[in-house]
Amino acid sequence: MTDTATPRKRAKSVTFATPPPSRENTAFRTRTAAVLGALTLTGAYLHFYQSANNGLFQSLGEMVQADTFPVSKGKFKRVFTGIKPLDTYLTNFTPFFGVLTHAGDDSSYLFWLWMIGQFGVQWALFLLESLREGNKGSLASHVGLVGFLFQNLGLATVIPAFLLITTLTSTISRASSPTGLMNLLRVHSTDLNVLPFSFLLAYFFPTICMMLPYPAINSHSSWQGWIAAWQFFPLYTVAFQYLLGSFFKAVDQGKGFKLKSDEAKMVGYFWHARPLYIGALFICGVFHVNVLAICLLPEWLVDVFPIAGTYRNVSFASVFLPPVPLPPFETVSVVRGIHTFLIWDMFVSGAAALVWAALQARNVSSRTFGVTWVLKTIGYTIITGPTGAFVMAMWERDSAVVELLIEQAMKDK
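Letter by letter, the sequence shown follows residues 1 to 413 in my numbering.
Simulated from the structure, these hints should not be mistaken for laboratory data. Among the hints, erroneous ones may be present.
Calculated lysine-lysine pairs in the DSS-like style (CA-CA distance at most 27 Å, straight line) [what the hints assert, rightly or not]:
1. Lys-249 / Lys-376
2. Lys-249 / Lys-136
3. Lys-249 / Lys-265
4. Lys-73 / Lys-84
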(Lines of atoms letter the chains of each structure in order from A and count residues from 1; the text may use other names and numbers.)
(Lines give C-alpha, C1' and ligand atoms only; values in the text may rest on other atoms or scores of the structure.)
Protein backbone atom coordinates (compact mmCIF):
# COMPACT_ATOMS: atom_id res chain seq x y z
CA MET A 1 0.00 0.00 0.00
CA THR A 2 1.48 3.33 -0.96
CA ASP A 3 1.18 6.47 1.11
CA THR A 4 -0.91 9.28 -0.24
CA ALA A 5 1.33 11.99 -1.61
CA THR A 6 1.54 14.91 0.74
CA PRO A 7 0.67 18.13 -1.07
CA ARG A 8 3.58 20.53 -1.29
CA LYS A 9 3.11 23.54 0.96
CA ARG A 10 3.55 26.98 -0.44
CA ALA A 11 6.21 29.09 1.23
CA LYS A 12 4.77 31.07 4.06
CA SER A 13 4.24 34.68 3.05
CA VAL A 14 3.89 37.75 5.17
CA THR A 15 0.42 39.10 4.51
CA PHE A 16 0.71 42.18 2.32
CA ALA A 17 -1.09 45.16 3.65
CA THR A 18 -0.05 48.76 3.81
CA PRO A 19 -0.35 49.78 7.45
CA PRO A 20 -1.50 53.31 8.15
CA PRO A 21 1.42 55.69 8.70
CA SER A 22 2.44 56.09 12.31
CA ARG A 23 2.30 59.49 13.97
CA GLU A 24 6.11 59.69 13.83
CA ASN A 25 6.19 58.89 10.11
CA THR A 26 3.47 61.43 9.36
CA ALA A 27 5.37 64.10 11.28
CA PHE A 28 8.61 63.23 9.48
CA ARG A 29 6.84 63.37 6.11
CA THR A 30 5.39 66.79 7.00
CA ARG A 31 8.86 68.10 7.88
CA THR A 32 10.25 66.63 4.65
CA ALA A 33 7.54 68.38 2.64
CA ALA A 34 8.32 71.68 4.38
CA VAL A 35 12.04 71.40 3.58
CA LEU A 36 11.33 70.48 -0.04
CA GLY A 37 8.96 73.44 -0.32
CA ALA A 38 11.69 75.74 1.00
CA LEU A 39 14.19 74.28 -1.48
CA THR A 40 11.73 74.86 -4.33
CA LEU A 41 11.45 78.54 -3.43
CA THR A 42 15.22 78.76 -2.99
CA GLY A 43 15.78 77.24 -6.42
CA ALA A 44 13.34 79.67 -8.03
CA TYR A 45 15.12 82.61 -6.37
CA LEU A 46 18.57 81.41 -7.44
CA HIS A 47 17.49 80.69 -10.99
CA PHE A 48 15.18 83.49 -11.93
CA TYR A 49 15.87 86.41 -9.61
CA GLN A 50 19.64 85.99 -9.46
CA SER A 51 20.02 85.27 -13.21
CA ALA A 52 17.86 88.28 -14.06
CA ASN A 53 20.08 90.53 -11.94
CA ASN A 54 23.58 89.23 -12.70
CA GLY A 55 23.23 89.77 -16.44
CA LEU A 56 22.86 86.13 -17.53
CA PHE A 57 19.38 86.36 -19.03
CA GLN A 58 20.24 89.59 -20.83
CA SER A 59 23.44 88.11 -22.27
CA LEU A 60 21.68 84.96 -23.45
CA GLY A 61 18.95 87.06 -25.08
CA GLU A 62 21.57 89.05 -26.99
CA MET A 63 23.25 85.83 -28.13
CA VAL A 64 20.00 84.44 -29.48
CA GLN A 65 19.49 87.61 -31.55
CA ALA A 66 23.07 87.66 -32.89
CA ASP A 67 23.93 86.77 -36.49
CA THR A 68 26.76 84.41 -35.52
CA PHE A 69 26.83 81.53 -33.07
CA PRO A 70 28.61 82.33 -29.77
CA VAL A 71 32.18 81.13 -29.20
CA SER A 72 32.71 79.85 -32.75
CA LYS A 73 31.46 82.99 -34.53
CA GLY A 74 30.22 80.71 -37.30
CA LYS A 75 26.79 80.60 -38.87
CA PHE A 76 23.94 80.45 -36.33
CA LYS A 77 21.83 77.43 -37.23
CA ARG A 78 18.16 78.28 -36.77
CA VAL A 79 16.43 75.48 -38.67
CA PHE A 80 16.54 71.99 -37.14
CA THR A 81 13.19 70.38 -37.89
CA GLY A 82 11.43 72.69 -40.35
CA ILE A 83 8.72 73.32 -37.75
CA LYS A 84 9.09 77.02 -36.95
CA PRO A 85 7.81 77.08 -33.32
CA LEU A 86 10.00 74.08 -32.45
CA ASP A 87 13.04 75.56 -34.21
CA THR A 88 12.56 78.87 -32.40
CA TYR A 89 12.33 76.99 -29.10
CA LEU A 90 15.59 75.10 -29.80
CA THR A 91 17.38 78.26 -30.93
CA ASN A 92 16.84 79.73 -27.46
CA PHE A 93 18.79 76.87 -25.85
CA THR A 94 21.70 76.11 -28.18
CA PRO A 95 23.81 79.18 -27.19
CA PHE A 96 23.66 78.18 -23.50
CA PHE A 97 25.31 74.81 -24.06
CA GLY A 98 27.47 76.08 -26.91
CA VAL A 99 29.18 78.45 -24.49
CA LEU A 100 29.36 75.80 -21.77
CA THR A 101 30.99 73.09 -23.88
CA HIS A 102 33.36 75.13 -26.07
CA ALA A 103 34.03 78.51 -24.42
CA GLY A 104 37.47 77.43 -23.22
CA ASP A 105 36.78 78.32 -19.58
CA ASP A 106 38.47 75.54 -17.59
CA SER A 107 36.47 75.93 -14.37
CA SER A 108 33.05 75.83 -16.03
CA TYR A 109 34.12 72.97 -18.33
CA LEU A 110 35.34 70.85 -15.41
CA PHE A 111 32.10 71.48 -13.55
CA TRP A 112 30.17 70.40 -16.65
CA LEU A 113 32.23 67.16 -16.80
CA TRP A 114 31.45 66.54 -13.13
CA MET A 115 27.78 67.31 -13.76
CA ILE A 116 27.55 64.80 -16.64
CA GLY A 117 28.04 61.96 -14.17
CA GLN A 118 26.10 63.40 -11.25
CA PHE A 119 23.11 64.71 -13.19
CA GLY A 120 22.97 61.69 -15.50
CA VAL A 121 22.80 59.20 -12.65
CA GLN A 122 20.28 61.35 -10.79
CA TRP A 123 18.08 61.21 -13.89
CA ALA A 124 18.52 57.42 -14.14
CA LEU A 125 17.43 57.00 -10.50
CA PHE A 126 14.30 59.06 -11.06
CA LEU A 127 13.56 56.86 -14.07
CA LEU A 128 14.00 53.78 -11.86
CA GLU A 129 11.63 55.23 -9.26
CA SER A 130 9.03 55.84 -11.99
CA LEU A 131 9.05 52.12 -12.83
CA ARG A 132 8.22 50.91 -9.32
CA GLU A 133 4.90 49.18 -8.76
CA GLY A 134 3.87 51.67 -6.08
CA ASN A 135 4.39 54.66 -8.38
CA LYS A 136 2.32 53.46 -11.33
CA GLY A 137 -0.27 56.06 -12.27
CA SER A 138 1.18 58.72 -9.96
CA LEU A 139 3.19 61.84 -10.86
CA ALA A 140 6.39 59.90 -10.19
CA SER A 141 5.57 57.62 -13.13
CA HIS A 142 5.37 60.59 -15.53
CA VAL A 143 9.08 61.25 -15.30
CA GLY A 144 9.32 62.25 -18.98
CA LEU A 145 7.16 65.30 -18.25
CA VAL A 146 9.32 66.13 -15.25
CA GLY A 147 12.43 65.84 -17.42
CA PHE A 148 10.97 68.16 -20.04
CA LEU A 149 10.19 70.71 -17.31
CA PHE A 150 13.66 70.68 -15.76
CA GLN A 151 15.23 71.07 -19.21
CA ASN A 152 13.23 74.29 -19.55
CA LEU A 153 13.09 75.64 -15.98
CA GLY A 154 16.17 74.11 -14.36
CA LEU A 155 16.84 71.38 -11.83
CA ALA A 156 16.95 73.66 -8.80
CA THR A 157 13.29 74.59 -9.21
CA VAL A 158 11.71 71.49 -10.74
CA ILE A 159 13.37 68.64 -8.81
CA PRO A 160 12.43 69.90 -5.30
CA ALA A 161 8.89 70.66 -6.52
CA PHE A 162 8.62 67.20 -8.09
CA LEU A 163 9.84 65.49 -4.91
CA LEU A 164 7.51 67.66 -2.80
CA ILE A 165 4.47 66.53 -4.80
CA THR A 166 5.73 62.94 -4.74
CA THR A 167 6.13 63.13 -0.96
CA LEU A 168 2.54 64.26 -0.55
CA THR A 169 0.92 61.92 -3.09
CA SER A 170 3.06 58.81 -3.62
CA THR A 171 1.97 55.54 -2.00
CA ILE A 172 5.64 54.69 -1.44
CA SER A 173 6.23 57.91 0.50
CA ARG A 174 3.26 57.08 2.76
CA ALA A 175 4.16 53.43 3.43
CA SER A 176 5.60 52.91 6.88
CA SER A 177 6.83 49.33 7.19
CA PRO A 178 8.76 46.66 5.25
CA THR A 179 5.53 44.78 4.54
CA GLY A 180 3.94 47.96 3.26
CA LEU A 181 6.92 48.64 1.00
CA MET A 182 7.46 45.06 -0.14
CA ASN A 183 5.23 45.07 -3.20
CA LEU A 184 5.48 48.80 -3.82
CA LEU A 185 9.23 48.92 -4.48
CA ARG A 186 9.44 46.10 -6.99
CA VAL A 187 10.33 46.77 -10.64
CA HIS A 188 9.71 44.32 -13.48
CA SER A 189 12.94 42.46 -14.30
CA THR A 190 12.64 43.35 -18.00
CA ASP A 191 12.48 47.06 -17.14
CA LEU A 192 15.61 46.66 -15.02
CA ASN A 193 17.42 44.98 -17.91
CA VAL A 194 16.38 47.64 -20.41
CA LEU A 195 17.07 50.69 -18.23
CA PRO A 196 20.89 50.86 -18.78
CA PHE A 197 20.43 50.75 -22.55
CA SER A 198 17.74 53.45 -22.47
CA PHE A 199 20.03 55.62 -20.35
CA LEU A 200 23.11 55.16 -22.55
CA LEU A 201 21.27 55.67 -25.84
CA ALA A 202 19.16 58.63 -24.75
CA TYR A 203 21.53 60.50 -22.42
CA PHE A 204 25.20 59.55 -22.76
CA PHE A 205 25.34 59.20 -26.54
CA PRO A 206 23.89 62.69 -27.33
CA THR A 207 25.99 64.21 -24.52
CA ILE A 208 29.22 62.84 -25.97
CA CYS A 209 28.26 63.87 -29.51
CA MET A 210 27.58 67.50 -28.58
CA MET A 211 30.95 67.69 -26.79
CA LEU A 212 33.03 66.38 -29.70
CA PRO A 213 35.44 69.08 -30.92
CA TYR A 214 34.81 71.02 -34.07
CA PRO A 215 35.91 71.26 -36.80
CA ALA A 216 38.10 68.22 -36.09
CA ILE A 217 35.14 65.82 -35.67
CA ASN A 218 31.90 67.80 -35.56
CA SER A 219 31.06 70.23 -38.31
CA HIS A 220 29.76 73.56 -37.09
CA SER A 221 26.23 72.63 -38.18
CA SER A 222 26.27 69.13 -36.65
CA TRP A 223 27.62 70.51 -33.37
CA GLN A 224 24.61 72.82 -33.03
CA GLY A 225 22.36 69.99 -34.18
CA TRP A 226 23.58 67.71 -31.38
CA ILE A 227 23.07 70.46 -28.81
CA ALA A 228 19.49 70.85 -30.03
CA ALA A 229 18.92 67.08 -30.05
CA TRP A 230 20.23 66.79 -26.48
CA GLN A 231 17.44 69.03 -25.15
CA PHE A 232 14.92 66.21 -25.52
CA PHE A 233 16.91 63.41 -23.88
CA PRO A 234 14.25 62.90 -21.13
CA LEU A 235 11.65 62.15 -23.79
CA TYR A 236 14.06 59.84 -25.65
CA THR A 237 14.76 57.95 -22.44
CA VAL A 238 11.10 57.35 -21.68
CA ALA A 239 10.42 56.35 -25.29
CA PHE A 240 13.33 53.87 -25.39
CA GLN A 241 12.31 52.43 -22.02
CA TYR A 242 8.70 51.96 -23.08
CA LEU A 243 9.39 50.54 -26.54
CA LEU A 244 12.22 48.19 -25.55
CA GLY A 245 10.45 47.15 -22.35
CA SER A 246 7.18 46.41 -24.15
CA PHE A 247 8.97 44.43 -26.88
CA PHE A 248 10.94 42.19 -24.52
CA LYS A 249 7.99 41.69 -22.18
CA ALA A 250 5.96 40.47 -25.16
CA VAL A 251 8.78 38.15 -26.26
CA ASP A 252 9.28 36.80 -22.75
CA GLN A 253 5.58 36.43 -21.92
CA GLY A 254 4.90 33.19 -20.08
CA LYS A 255 8.56 32.21 -20.01
CA GLY A 256 10.99 32.04 -17.14
CA PHE A 257 10.81 30.95 -13.54
CA LYS A 258 7.93 32.51 -11.63
CA LEU A 259 8.38 33.35 -7.98
CA LYS A 260 5.25 32.78 -5.90
CA SER A 261 5.66 34.53 -2.57
CA ASP A 262 5.80 38.31 -2.24
CA GLU A 263 8.97 38.05 -0.19
CA ALA A 264 10.72 35.98 -2.86
CA LYS A 265 9.71 38.52 -5.51
CA MET A 266 11.16 41.37 -3.44
CA VAL A 267 14.41 39.50 -2.84
CA GLY A 268 14.58 38.64 -6.54
CA TYR A 269 14.09 42.30 -7.46
CA PHE A 270 16.80 43.36 -5.01
CA TRP A 271 19.44 41.05 -6.46
CA HIS A 272 18.42 42.03 -9.97
CA ALA A 273 18.73 45.75 -9.19
CA ARG A 274 22.05 45.39 -7.36
CA PRO A 275 24.25 45.67 -10.51
CA LEU A 276 22.38 48.84 -11.52
CA TYR A 277 23.15 50.48 -8.19
CA ILE A 278 26.79 49.41 -8.43
CA GLY A 279 27.07 50.79 -11.98
CA ALA A 280 25.42 54.07 -10.97
CA LEU A 281 27.78 54.45 -8.01
CA PHE A 282 30.77 53.70 -10.26
CA ILE A 283 29.76 56.41 -12.77
CA CYS A 284 29.32 58.97 -9.98
CA GLY A 285 32.65 58.04 -8.42
CA VAL A 286 34.63 58.16 -11.67
CA PHE A 287 33.44 61.64 -12.66
CA HIS A 288 33.57 63.01 -9.11
CA VAL A 289 36.99 61.70 -8.12
CA ASN A 290 38.71 62.68 -11.36
CA VAL A 291 37.42 66.25 -11.38
CA LEU A 292 38.11 66.61 -7.66
CA ALA A 293 41.65 65.28 -8.14
CA ILE A 294 42.36 67.85 -10.86
CA CYS A 295 41.10 70.63 -8.59
CA LEU A 296 43.09 69.51 -5.54
CA LEU A 297 46.26 68.14 -7.15
CA PRO A 298 49.41 69.80 -5.71
CA GLU A 299 51.50 71.83 -8.13
CA TRP A 300 54.46 69.43 -7.94
CA LEU A 301 52.25 66.58 -9.16
CA VAL A 302 50.65 68.48 -12.02
CA ASP A 303 53.63 67.84 -14.33
CA VAL A 304 53.36 64.09 -13.67
CA PHE A 305 49.81 63.92 -15.03
CA PRO A 306 49.61 65.54 -18.50
CA ILE A 307 45.81 65.81 -18.51
CA ALA A 308 45.77 67.56 -15.14
CA GLY A 309 48.51 69.85 -16.40
CA THR A 310 46.12 71.39 -18.91
CA TYR A 311 44.01 72.72 -16.01
CA ARG A 312 46.67 74.59 -14.02
CA ASN A 313 44.52 77.62 -13.26
CA VAL A 314 41.62 75.87 -11.57
CA SER A 315 40.90 75.28 -7.90
CA PHE A 316 38.15 73.70 -5.85
CA ALA A 317 36.68 77.16 -5.25
CA SER A 318 36.71 78.20 -8.91
CA VAL A 319 34.97 74.98 -9.98
CA PHE A 320 32.49 74.31 -7.18
CA LEU A 321 31.82 77.48 -5.18
CA PRO A 322 29.36 80.06 -6.57
CA PRO A 323 29.32 83.74 -5.62
CA VAL A 324 27.16 84.71 -2.66
CA PRO A 325 23.59 84.86 -4.03
CA LEU A 326 22.59 88.09 -2.31
CA PRO A 327 22.04 91.57 -3.75
CA PRO A 328 23.64 93.66 -4.97
CA PHE A 329 24.50 91.15 -7.69
CA GLU A 330 27.74 91.60 -9.58
CA THR A 331 27.41 91.47 -13.36
CA VAL A 332 29.31 88.41 -14.56
CA SER A 333 30.46 87.06 -17.92
CA VAL A 334 28.01 84.79 -19.70
CA VAL A 335 30.15 81.70 -19.11
CA ARG A 336 30.42 82.50 -15.39
CA GLY A 337 26.68 83.15 -15.24
CA ILE A 338 25.96 79.75 -16.83
CA HIS A 339 28.45 78.11 -14.49
CA THR A 340 26.77 79.68 -11.45
CA PHE A 341 23.33 78.65 -12.74
CA LEU A 342 24.43 75.01 -13.01
CA ILE A 343 26.20 74.97 -9.64
CA TRP A 344 22.95 75.91 -7.93
CA ASP A 345 21.13 73.41 -10.15
CA MET A 346 23.20 70.56 -8.74
CA PHE A 347 23.44 71.81 -5.15
CA VAL A 348 19.71 72.41 -4.69
CA SER A 349 18.51 69.33 -6.60
CA GLY A 350 21.12 67.17 -4.84
CA ALA A 351 20.02 68.44 -1.42
CA ALA A 352 16.37 67.82 -2.32
CA ALA A 353 17.14 64.26 -3.42
CA LEU A 354 18.92 63.50 -0.12
CA VAL A 355 16.11 65.03 1.96
CA TRP A 356 13.63 62.85 0.09
CA ALA A 357 15.92 59.83 0.52
CA ALA A 358 15.89 60.41 4.28
CA LEU A 359 12.11 60.04 4.23
CA GLN A 360 12.41 56.79 2.28
CA ALA A 361 14.86 55.43 4.84
CA ARG A 362 12.66 56.51 7.76
CA ASN A 363 9.63 54.82 6.20
CA VAL A 364 11.31 51.40 6.29
CA SER A 365 11.95 51.49 10.02
CA SER A 366 13.07 53.87 12.73
CA ARG A 367 16.26 51.77 12.86
CA THR A 368 17.22 52.62 9.28
CA PHE A 369 17.41 56.39 9.76
CA GLY A 370 19.46 58.20 12.34
CA VAL A 371 22.87 59.75 13.02
CA THR A 372 24.64 56.83 11.33
CA TRP A 373 22.61 57.35 8.15
CA VAL A 374 23.45 61.06 8.12
CA LEU A 375 27.19 60.44 8.67
CA LYS A 376 27.29 57.79 5.94
CA THR A 377 25.50 60.14 3.56
CA ILE A 378 28.06 62.88 4.24
CA GLY A 379 30.87 60.37 3.69
CA TYR A 380 29.48 59.16 0.37
CA THR A 381 28.91 62.76 -0.73
CA ILE A 382 32.60 63.49 -0.17
CA ILE A 383 33.73 60.35 -2.01
CA THR A 384 31.18 60.07 -4.83
CA GLY A 385 29.30 63.38 -4.86
CA PRO A 386 25.72 64.11 -3.78
CA THR A 387 24.22 61.81 -6.41
CA GLY A 388 26.48 58.97 -5.29
CA ALA A 389 25.12 59.46 -1.78
CA PHE A 390 21.60 59.40 -3.24
CA VAL A 391 22.38 56.09 -4.98
CA MET A 392 23.59 54.56 -1.73
CA ALA A 393 20.54 55.83 0.16
CA MET A 394 18.17 54.20 -2.34
CA TRP A 395 20.21 51.00 -2.41
CA GLU A 396 20.27 50.78 1.38
CA ARG A 397 16.52 51.49 1.50
CA ASP A 398 15.90 48.43 -0.69
CA SER A 399 18.44 46.39 1.26
CA ALA A 400 16.85 47.29 4.60
CA VAL A 401 13.42 46.16 3.37
CA VAL A 402 14.83 42.79 2.30
CA GLU A 403 16.78 42.30 5.54
CA LEU A 404 13.76 43.09 7.70
CA LEU A 405 11.55 40.76 5.66
CA ILE A 406 14.07 37.93 6.07
CA GLU A 407 14.32 38.68 9.78
CA GLN A 408 10.53 38.59 10.09
CA ALA A 409 10.31 35.35 8.10
CA MET A 410 12.87 33.71 10.40
CA LYS A 411 10.81 34.68 13.43
CA ASP A 412 7.66 33.23 11.84
CA LYS A 413 9.23 29.80 11.35
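Checklist entry - Against the structure shown, which of the earlier numbered hints fail to hold, in ascending order? => result 1
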